[in-house]
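Participant: Now for the letters of each chain:
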Amino acid sequence: DTGVSQNPRHKITKRGQNVTFRCDPISEHNRLYWYRQTLGQGPEFLTYFQNEAQLEKSRLLSDRFSAERPKGSFSTLEIQRTEQGDSAMYLCASSPAGLTYNEQFFGPGTRLTVL
Amino acid sequence: QKEVEQNSGPLSVPEGAIASLNCTYSDRGSQSFFWYRQYSGKSPELIMFIYSNGDKEDGRFTAQLNKASQYVSLLIRDSQPSDSATYLCAVFNSGYALNFGKGTSLLVTP
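Protein chains in written order, with the working numbering: chain A, 11 to 125; chain B, 51 to 160.
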């Protein structure tokens with residue numbers, strides 16, 4: 011039984027560059043979430059996919075952010091023209107289909123540092 | 051703004067004692083409540099969830115929910131140094147997102 015995986019685990023980039031992160035959810039989970047966490051804060055919701063459909067986006071998800079889940083399996087999160095304020099841990103979570111209480115299981119995260 | 055509040059700590063307890071972590075929430079319509087453990091530099095790990103009033107026990111962990119008072123707590127019995135971590139309370143209100151508190155730092159001293 012493999013959990014949620016994320017790649018890369020660490021990314022250092024210069025301001026203005028584009029970055030892309032990948033998330034592979036638990037195989038039988040059709041719900042996928044992206045969160046962002048900064049130091050001393052809890053995770054903050056960014057966006058949600060059910061299968062390939064993006065059903066909810068937070069106001070935190072500016073125009074520079076885009077997420078996809080093209081075949082309802084893995085997902086990518088792209089940040090264009092990165093800013094120093096984008097430095098954070100980007101967390102992906104997944105949850106199973108059906109009647110649940112929305113319990114979400116997190117991957118190891120991608121730590122982004124923008125210089 | 052639907053708030054989830056936690057005391058940031060640190061909460062320090064001696065090894066073998068009971069650690070009590072508390073969380074309050076503002077939205078009376080909240081449906082389910084989660085406790086995550088997060089070690090420094092790592093991602094959150096789900097340890098318990100609860101959705102009805104009362105207590106729910108799992109090993110050394112007990113989650114308590116009081117919807118009338120809008121609080122949820124986590125008790126850790128026989129605390130171990132390996133329990134030292136930040137404990138995040140998360141609340142599901144509606145939609146799809148979990149709403150997290152800032153977490154309480156727990157330090158278990160040998």
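You may find that some hints are simply not true.
Using C-beta positions, here's what the derived DEER-type ranges look like [unchecked claim]:
| no. | chain 1 | residue 1 | chain 2 | residue 2 | range |
| --- | --- | --- | --- | --- | --- |
| 1 | B | GLU95 | A | LEU65 | 22 to 28 angstroms |
| 2 | B | LEU61 | A | HIS20 | 28 to 34 angstroms |
| 3 | B | TYR121 | A | GLN51 | 29 to 35 angstroms |
| 4 | B | SER102 | A | PRO80 | 37 to 43 angstroms |
| 5 | B | TYR121 | A | GLY82 | 16 to 22 angstroms |
| 6 | B | LYS117 | A | PRO80 | 39 to 45 angstroms |
| 7 | A | PHE84 | B | PRO60 | 46 to 52 angstroms |
Everything labelled a hint here was simulated from the structure, so no lab data went into it.
Yeah, the Cβ is synthetic: ideal placement off N, Cα and C, and Gly gets one too.
Participant: Confirm or reject each hint.
Facilitator: Do the hints match the structure? See the list:
1. B:GLU95 to A:LEU65: 22 to 28 angstroms: Given about 26 angstroms between the Cβ atoms, the range holds.
2. B:LEU61 to A:HIS20: 28 to 34 angstroms: Hint holds: Cβ distance 30 angstroms, inside 28 to 34 angstroms.
3. B:TYR121 to A:GLN51: 29 to 35 angstroms: violated, 21 angstroms
4. B:SER102 to A:PRO80: 37 to 43 angstroms: holds, 39 angstroms
5. B:TYR121 to A:GLY82: 16 to 22 angstroms: violated, 38 angstroms
6. B:LYS117 to A:PRO80: 39 to 45 angstroms: Holds: the Cβ-Cβ distance is about 40 angstroms, inside 39 to 45 angstroms.
7. A:PHE84 to B:PRO60: 46 to 52 angstroms: Violated - the Cβ-Cβ distance for PHE84 of chain A and PRO60 of chain B, about 38 angstroms, lies outside 46 to 52 angstroms.
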